[in-house]
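**Student:** Sequence:
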Amino acid sequence: MEKKTNMLILLKKALDEADAVVIGAGAGLSSAAGMTYSGQRFTDHFQDFADRYGFQDMYSGGFYPFAALEEYWAYWSRFIELNRYCSPPYPVYDDLLELVKNKDYFVITTNVDHQFQKSGFERKRLFYMQGDFGLWQCSVPCHPKTYDNEAFVHQMIRQQADCRIPPALIPVCPRCGKPMSMNLRMDTTFVEDEGWHSAAQRYNQFLYRHQNHKVVFFELGVGWNTPGIIRYPFWQRTKVWPQAVYVSVNLEGTVIPNEIRSKTVSIQDDLRHVITQLRSLDQSSF
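According to numbering that gives the first Met the number 0, the stretch in the sequence shown is residues 0 to 285, in order.
What the hints contain is simulated information worked out from the structure, not anything from laboratory work.
Mixed in with the good hints, there may be bad ones.
[Said to hold, decoys possible] Listed next, the in silico BS3-like pairs over lysine-lysine satisfying Cα-Cα at most 27 Å (straight line):
| # | residue 1 | residue 2 |
| --- | --- | --- |
| 1 | K177 | K213 |
| 2 | K12 | K102 |
| 3 | K123 | K213 |
| 4 | K12 | K100 |
| 5 | K213 | K144 |
| 6 | K117 | K100 |
| 7 | K238 | K102 |
[Said to hold, decoys possible] Estimated spans, in silico, between C-beta atoms of each pair:
| # | residue 1 | residue 2 | range |
| --- | --- | --- | --- |
| 8 | Q200 | Q46 | 42 to 52 Å |
| 9 | Q158 | R260 | 53 to 63 Å |
| 10 | Y231 | R208 | 38 to 48 Å |
Computed from a predicted model, the values in this text were never measured in an experiment.
Yeah, the Cβ is synthetic: ideal placement off N, Cα and C, and Gly gets one too.
Turn these sequences into a full structure, and let the hints steer you where they fit.
**Tutor:** Quick look at the structure:
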């Protein structure tokens with residue numbers, strides 16, 4: 000307990016003294032906010048799909064080989080509405096914003112649920128590396144453009160029955176007529192549209208601008224599925240940048256390279272608890 004408290008104080012001090020904060024967020028952050036894909040949250044919203052198709056969590060449902068597009072989009076419209084357009088049970092993202100809102104910050108995330116922008120983070124400070132549940136693209140894809148899906152999703156929800164949507168609601172590409180698909184980086188068909196490239200450019204410019212400043216690389220809930228997107232670059236820049244600090248908050252903990260151990264704050268705990276405790280600290284703690 001004492002070690003954890005000391006780490007929290009070190010983290011709060013690093014954030015207070017930072018010229019810039021780079022937030023790297025993984026699935027653990029949304030899980031801490033209550034955006035879980037299994038358990039009661041799954042059965043409350045997908046029991047009919049579980050009974051019919053046999054899968055027991057939302058993640059598995061996303062890969063289920065539905066026989067018809069009417070079934071596929073009945074599932075996905077419900078999934079999108081719940082995980083993209085509904086607010087999370089716990090205000091973890093709101094609390095995180097309170098910690099960094101007065102700093103020059105940027106967010107890179109593998110999460111695709113758009114919770115940062117919904118919670119008030121500035122859109123131009125966000126880079127959704129892996130896509131967005133709120134966007135569709137051509138499944139081919141015949142052109143590099145994405146389309147907002149909110150109005151269509153709500154219509155699918157209203158009109159679906161017996162785990163199916165009406166055939167007339169199946170979304171198709173406006174250019175080639177092929178089925179639309181989710182804008183998620185699952186294979187080589189993922190569309191990096193103009194907005195994606197603009198966000199990538201803003202992120203790289205942010206990093207270039209702050210490479211000689213006091214920067215906190217604030218890694219939250221990042222796992223090992225895609226370490227090359229957030230974790231490894233954070234390690235590399237912490238090693239090279241003279242005033243950088245690497246922070247890892249993860250329920251499962253993480254490995255810290257020896258080269259950056261002296262510049263690292265690592266906390267193995269539930270993110271929701273850590274962020275709440277950080278907000279309760281003040282300068283009198285130091």
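**Student:** Taking the hints in turn, state whether each one holds.
**Tutor:** Hints and how they fare:
1. K177 <-> K213: Roughly 49 Å separates the two Cα atoms, so the pair is violated.
2. K12 <-> K102: holds (13 Å)
3. K123 <-> K213: Holds, at roughly 21 Å.
4. K12 <-> K100: holds (16 Å)
5. K213 <-> K144: Violated, because 37 Å separates the two Cα atoms, which is more than 27 Å.
6. K117 <-> K100: holds (14 Å)
7. K238 <-> K102: Holds, at roughly 22 Å.
8. Q200 <-> Q46: 42 to 52 Å: holds (44 Å)
9. Q158 <-> R260: 53 to 63 Å: Holds, at about 56 Å.
10. Y231 <-> R208: 38 to 48 Å: violated (21 Å)
Of the numbered hints listed earlier, those contradicted by the structure are 1, 5, 10.
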